[in-house]
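Read off the chains here:
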Amino acid sequence: MSEDVLRIRTPIGIHYRYSAGPNASSHLRGLMEGKFIGKRCPSCTLVYMPPRSTCAKCGVLLGEDVEVGPKGTITTFCIVNVAFLGQTIKIPYVAATILIDGADLGMQHLIQECETSDVRMGMRVEPVWKPREEWQPSLANITHFRPTGEPDADFDSFSGQL
Amino acid sequence: MAERCAVIGVGQTKHASCRADVSIAGLVREAVDRALESAHTTMTEIDAIVIGKAPDMLEGVMMPELYLVDALAAAGKPVFRVHTAGSVGGATAIVACQHVTSGVHRRVLTIGFEKQSDGNAMWALSVPLPFGMPVHAGAGGYFSPIIRSYIKRSGAPGHIGCMVAVKDRTNACKNPYAHLHEPDWTLEKAMESPMLWDPVRMIETCPSSDGAIALVLANESIADAHDGPKAWVHATAMRSEPTQFAGRNQVSPKASEDCAADLWRKAGITSPIEEIDAVEMYVPFAWFEPMWLESLGFAPKDQGWRYVEDGVTEMSGRLPVNCSGGVLSTNPIGASGMLRFGEAAMQVMRTAGEHQVDGVRKAFGHAYGGGSQFFAMWVVGADKP
Numbered sequence: 212m213s214e215d216v217l218r219i220r221t222p223i224g225i226h227y228r229y230s231a232g233p234n235a236s237s238h239l240r241g242l243m244e245g246k247f248i249g250k251r252c253p254s255c256t257l258v259y260m261p262p263r264s265t266c267a268k269c270g271v272l273l274g275e276d277v278e279v280g281p282k283g284t285i286t287t288f289c290i291v292n293v294a295f296l297g298q299t300i301k302i303p304y305v306a307a308t309i310l311i312d313g314a315d316l317g318m319q320h321l322i323q324e325c326e327t328s329d330v331r332m333g334m335r336v337e338p339v340w341k342p343r344e345e346w347q348p349s350l351a352n353i354t355h356f357r358p359t360g361e362p363d364a365d366f367d368s369f370s371g372q373l
Numbered sequence: 027m028a029e030r031c032a033v034i035g036v037g038q039t040k041h042a043s044c045r046a047d048v049s050i051a052g053l054v055r056e057a058v059d060r061a062l063e064s065a066h067t068t069m070t071e072i073d074a075i076v077i078g079k080a081p082d083m084l085e086g087v088m089m090p091e092l093y094l095v096d097a098l099a100a101a102g103k104p105v106f107r108v109h110t111a112g113s114v115g116g117a118t119a120i121v122a123c124q125h126v127t128s129g130v131h132r133r134v135l136t137i138g139f140e141k142q143s144d145g146n147a148m149w150a151l152s153v154p155l156p157f158g159m160p161v162h163a164g165a166g167g168y169f170s171p172i173i174r175s176y177i178k179r180s181g182a183p184g185h186i187g188c189m190v191a192v193k194d195r196t197n198a199c200k201n202p203y204a205h206l207h208e209p210d211w212t213l214e215k216a217m218e219s220p221m222l223w224d225p226v227r228m229i230e231t232c233p234s235s236d237g238a239i240a241l242v243l244a245n246e247s248i249a250d251a252h253d254g255p256k257a258w259v260h261a262t263a264m265r266s267e268p269t270q271f272a273g274r275n276q277v278s279p280k281a282s283e284d285c286a287a288d289l290w291r292k293a294g295i296t297s298p299i300e301e302i303d304a305v306e307m308y309v310p311f312a313w314f315e316p317m318w319l320e321s322l323g324f325a326p327k328d329q330g331w332r333y334v335e336d337g338v339t340e341m342s343g344r345l346p347v348n349c350s351g352g353v354l355s356t357n358p359i360g361a362s363g364m365l366r367f368g369e370a371a372m373q374v375m376r377t378a379g380e381h382q383v384d385g386v387r388k389a390f391g392h393a394y395g396g397g398s399q400f401f402a403m404w405v406v407g408a409d410k411p
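Residue numbers (my numbering), protein chains in the order written: chain A, 212 to 373; chain B, 27 to 411.
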């Protein structure tokens, strides 16, 4: 019985061809120029950054490009202290939801250049970019965000984003 | 509803981190055989099968309902697959219920399962998205910032999550099918549990489980003739919303609040805390107990944690929550929602054994999934609706 094969590990892979679509494309082209380009909902006027194709609340296509940031506010965060298969960042690290100034939707990014215990809801942060020659159309052009040293944002100013 | 519907059979597997003794088919069949036995019926009397599980990538077996046809004796019968991520067990039971209430089928078998040991869910839920920043770290990494928001907003003290976790792990010791049987937890010990996804401690997280549950649902004439315990479905509700939109309330999503309001209206319930006798709520991370108590209307906003602190949700409390040990003690993802629905039915049927609450007339089953975006709920009762 002990010789029976009960389980085998079989790695599988799938290759995707990803089409970014027009809205994400203007955002990704912005990243190639070191800019954050969002999109405004023509109905509720809120700004999506990164942009989606539609404003789910209003059910309409997003409209004009809006340049936002580059600074932002940490609305909430997680200190990741668990290792897992496929992880690319050394633990512990802070995965934060950052509300870029002028945007109305938070995005996920990494916080560094401070102790994990110093990270706070409301902390003001700015992006740190890779050398320009390494830029790709990706948010990974920013290695991380770091504290700006400005006073923290008032909780009420971002509590509607949680 | 054109037809009334009742749960006349419930069967679940022994849940464990690795059920190496069975394949997916064997696991599912174990739950099905127990459900059919408790419903005093056989496979041949089943009109249709409704099956759900979490995303296929969790095991890497695509469309497993096709390969399960033989194990379920489903050849030639209608088989319906449901996909709503972690809420799928609840959504699947509701779809099965609709097969009966619509009058199309008389006796329907519904199944939820997951065999997490066959794959790697943490990996499957952390795949880097194109052009983004790969900071994702599984479900814990997703939900922990939302929990931090709740703690900040409500002013809850830090030990509430551990209180929920100790309660559920202790309750699980009364449930022979539960995955984790850990009788020795104390609040003090729990507070020393390591922070995995700060502010979420290890004890405040669910395990990875292999397991399955099956229910037999029947129309009124069959349920009336059934010589055994039954739970009548009083109301069901489902809602969903996108994961990301500007101004989204992630702590208490609108879809959750709307779903609960719809459920209470359909069930004729005006005060959930007064009228519900037992709750089986989807709590994969301990802090979601107070969060859902508020979102579902059991507790006022920002006060859910006080219910935990005051022991309201203990098995002996005014509103017993997760007497089975809940998702925190057993998490075969695709089965977890149906386990909540099934355990709620068991409380009404008085078949919950050691974790039975006295005098349950109405019980509530709940599931959520995705990025807190899919919701499924039902109320079952001892009396006909």
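Read the hints as simulated data drawn from the structure, not as lab findings. Any given hint might turn out to be false.
Distance condition first, Cα-Cα at most 27 Å in a straight line; then the derived DSSO-like pairs of lysine-lysine [as the list claims (entries may be wrong)]:
| no. | chain 1 | residue 1 | chain 2 | residue 2 |
| --- | --- | --- | --- | --- |
| 1 | A | K268 | B | K200 |
| 2 | A | K246 | A | K282 |
| 3 | A | K301 | A | K282 |
| 4 | A | K268 | B | K40 |
| 5 | A | K282 | B | K178 |
| 6 | A | K301 | A | K268 |
| 7 | B | K327 | B | K178 |
| 8 | A | K268 | B | K215 |
| 9 | B | K215 | B | K280 |
| 10 | A | K268 | B | K280 |
Label pairs and their in silico Cβ distance ranges [stated by the list, open to error]:
| no. | chain 1 | residue 1 | chain 2 | residue 2 | range |
| --- | --- | --- | --- | --- | --- |
| 11 | A | R240 | B | A97 | 13 to 23 Å |
| 12 | A | S368 | B | Q329 | 23 to 33 Å |
| 13 | A | D365 | B | E246 | 23 to 33 Å |
| 14 | A | W340 | B | K280 | 47 to 57 Å |
| 15 | A | V216 | B | A97 | 43 to 53 Å |
| 16 | A | D312 | B | P209 | 49 to 59 Å |
| 17 | B | E214 | A | I302 | 20 to 30 Å |
| 18 | A | C269 | B | P104 | 50 to 60 Å |
| 19 | A | S254 | B | H185 | 16 to 26 Å |
| 20 | B | K327 | A | R218 | 39 to 49 Å |
| 21 | A | G270 | B | I299 | 27 to 37 Å |
C-beta: ideal position from N, C-alpha, C; glycine also.
Against the earlier hints, flag every one the structure doesn't satisfy and list their numbers going up. Result: hints 1, 4, 6, 8, 9, 11, 13, 14, 15, 18 and 19 break, sorted rising.
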